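**Student:** Listed below are the residues making up each chain.
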Amino acid sequence: NAGVTQTPKFQVLKTGQSMTLQCAQDMNHNSMYWYRQDPGMGLRLIYYSASEGTTDKGEVPNGYNVSRLNKREFSLRLESAAPSQTSVYFCASSVQGASDTQYFGPGTRLTVL
Amino acid sequence: AQTVTQSQPEMSVQEAETVTLSCTYDTSESDYYLFWYKQPPSRQMILVIRQEAYKQQNATENRFSVNFQKAAKSFSLKISDSQLGDAAMYFCAYRRNKGAQKLVFGQGTRLTINP
Numbered sequence: 001n002a003g004v005t006q007t008p009k010f011q012v013l014k015t016g017q018s019m020t021l022q023c024a025q026d027m028n029h030n031s032m033y034w035y036r037q038d039p040g041m042g043l044r045l046i047y048y049s050a051s052e053g054t055t056d057k058g059e060v061p062n063g064y065n066v067s068r069l070n071k072r073e074f075s076l077r078l079e080s081a082a083p084s085q086t087s088v089y090f091c092a093s094s095v096q097g098a099s100d101t102q103y104f105g106p107g108t109r110l111t112v113l
Numbered sequence: 114a115q116t117v118t119q120s121q122p123e124m125s126v127q128e129a130e131t132v133t134l135s136c137t138y139d140t141s142e143s144d145y146y147l148f149w150y151k152q153p154p155s156r157q158m159i160l161v162i163r164q165e166a167y168k169q170q171n172a173t174e175n176r177f178s179v180n181f182q183k184a185a186k187s188f189s190l191k192i193s194d195s196q197l198g199d200a201a202m203y204f205c206a207y208r209r210n211k212g213a214q215k216l217v218f219g220q221g222t223r224l225t226i227n228p
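In order, the protein sequence lines correspond to chains A and B. Residue 113 is where the first sequence ends in my numbering, and the numbering goes up by one at each step. Residue 228 is where the second sequence ends in my numbering, and the numbering goes up by one at each step.
Hints in this document: simulated from the structure, not taken from any laboratory. It should be emphasised that the depicted structure is a prediction, and the values quoted were computed from it without experimental measurement. Even glycine gets a Cβ: it sits at the ideal position worked out from N, Cα and C. Just to be clear, a hint being listed does not mean it is correct.
Unchecked claim - Here are a few chain B residues that face chain A, going by a calculated C-beta distance under 7 Å:
hint : residue
1    : Met158
2    : Leu160
3    : Phe177
4    : Ala200
5    : Phe204
6    : Gln214
7    : Gly219
What the hints assert, rightly or not - Now the stretches of chain A that chain B is said to cover, found in silico as 3 or more residues with beta-carbon under 8 Å:
hint : segment
8    : 42-54
9    : 86-95
As the list claims (entries may be wrong) - A few chain A residues that don't get close to chain B, going by computed Cβ distances all over 10 Å:
hint : residue
10   : Thr7
11   : Val12
12   : Leu13
13   : Lys14
14   : Thr15
15   : Gln17
16   : Ser18
17   : Met27
18   : Thr101
19   : Gln102
20   : Arg109
21   : Val112
From just these sequences and the hints, can you work out the full model?
**Tutor:** As structure tokens, this is what we get:
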């Protein structure tokens, strides 16, 4: 039982390049989330998927797209990376329910030059 | 919109002593959850403790306990018998209990344990 896994762990991009961050969970959770963490700040929600087949914008969605590929996988895509997207990205999942808890992946450190 | 504020960017405590981390939040909801997450240097986000707003009793988990003051919208974390492994960033987080289960985080408090 690996929990929530993310790939890659580290990535360096040049401005304008694109990439996809992958997230998978093996806990049969319904809901999945993407957050970003900037220095001196808490995590901020980018996008989430309450259940398979649905996605919604969070607090900071601009410059990102997501795909809920199936119940296990939720990817985050940067179409044209910008230096402002340099951050640590966390994926999380939860059962979805009144008392669910979100479980986090190990994070991806992304640097955009 | 809900907001979470942690007014202590850094705290330090002697090993084996007790420390309290502060958190306040703003919401118009009456039904919600509050959390404390720990983030060690490994970056992994680890759930420390959870409080349900409709429960008056403060949550406890071994050496970790909270002081939940709903009317004051305050949610502090007390760590007793501090250990070197407690050194980390601590984040307070809020989640409403209806609609999407989104977490709103505070800015974090960096806790240092002095041996």
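**Student:** Against each hint, give a clear statement of whether it holds in the structure.
**Tutor:** Going through the hints against the structure:
1. For methionine 158 (chain B), the shortest C-beta to C-beta distance to chain A is roughly 4 Å, which falls under 7 Å, so the interface hint holds.
2. The interface hint given for leucine 160 (chain B) holds, since its Cβ lies 6 Å from the closest Cβ of chain A, which is under the 7 Å cut-off.
3. For phenylalanine 177 (chain B), the shortest C-beta to C-beta distance to chain A is roughly 15 Å, which exceeds 7 Å, and the interface hint is violated.
4. Taking 7 Å as the C-beta cut-off, the interface hint given for alanine 200 (chain B) is violated, the closest approach to chain A being about 18 Å.
5. Hint status for phenylalanine 204 (chain B) relative to chain A: holds, with the closest Cβ pair at about 5 Å, below 7 Å.
6. Checking glutamine 214 (chain B) against chain A by beta carbon gives a least distance of about 6 Å; that is within 7 Å, so the hint holds.
7. At about 5 Å, the closest approach between the beta carbon of glycine 219 (chain B) and any beta carbon in chain A falls short of 7 Å, and the interface hint on this residue holds.
8. Here the segment 42-54 of chain A counts 6 residues with a CB under 8 Å from a CB of chain B, which clears the bar of 3, and the coverage holds.
9. Coverage of a stretch by a chain is defined here by at least three residues with a beta carbon nearer than 8 Å to that chain's beta carbons; for the segment 86-95 of chain A and chain B the count is 4, and the condition holds.
10. The beta carbon of threonine 7 (chain A) is kept farther than 10 Å from every beta carbon of chain B, the shortest such distance being approximately 15 Å.
11. Annotated as non-interface, valine 12 (chain A) keeps its C-beta farther than 10 Å from every C-beta of chain B; the closest such distance is 17 Å.
12. Leucine 13 (chain A), annotated as away from the interface, keeps every beta carbon of chain B farther than 10 Å; the closest lies near 19 Å.
13. Once the 10 Å rule is applied to beta carbons, lysine 14 (chain A) is consistent with being away from chain B; the minimum gap is 24 Å.
14. The claim that threonine 15 (chain A) is not at the interface with chain B holds, since no C-beta of that chain comes within 10 Å of its own (minimum 25 Å).
15. With 10 Å as the threshold on Cβ separation, the claim that glutamine 17 (chain A) sits away from chain B holds: the shortest Cβ distance comes to roughly 23 Å.
16. Separation of serine 18 (chain A) from chain B is adequate, the least Cβ-Cβ distance of about 24 Å exceeding the 10 Å criterion.
17. Non-interface call for methionine 27 (chain A) relative to chain B: holds, since the shortest CB-CB distance, roughly 14 Å, exceeds 10 Å.
18. A cut-off of 10 Å between C-beta atoms contradicts the statement that threonine 101 (chain A) is not in contact with chain B; the least separation is 6 Å.
19. With a least CB separation of 6 Å from chain B, glutamine 102 (chain A) falls inside the 10 Å interface cut-off, contrary to its annotation.
20. Residue-level check failed: arginine 109 (chain A) sits 8 Å from the nearest beta carbon of chain B, not beyond 10 Å.
21. At roughly 19 Å, the least C-beta separation between valine 112 (chain A) and chain B is larger than 10 Å, which holds for a residue marked as non-interface.
Checked against the numbered hints above, the structure breaks hints 3, 4, 18, 19 and 20 and satisfies the rest.
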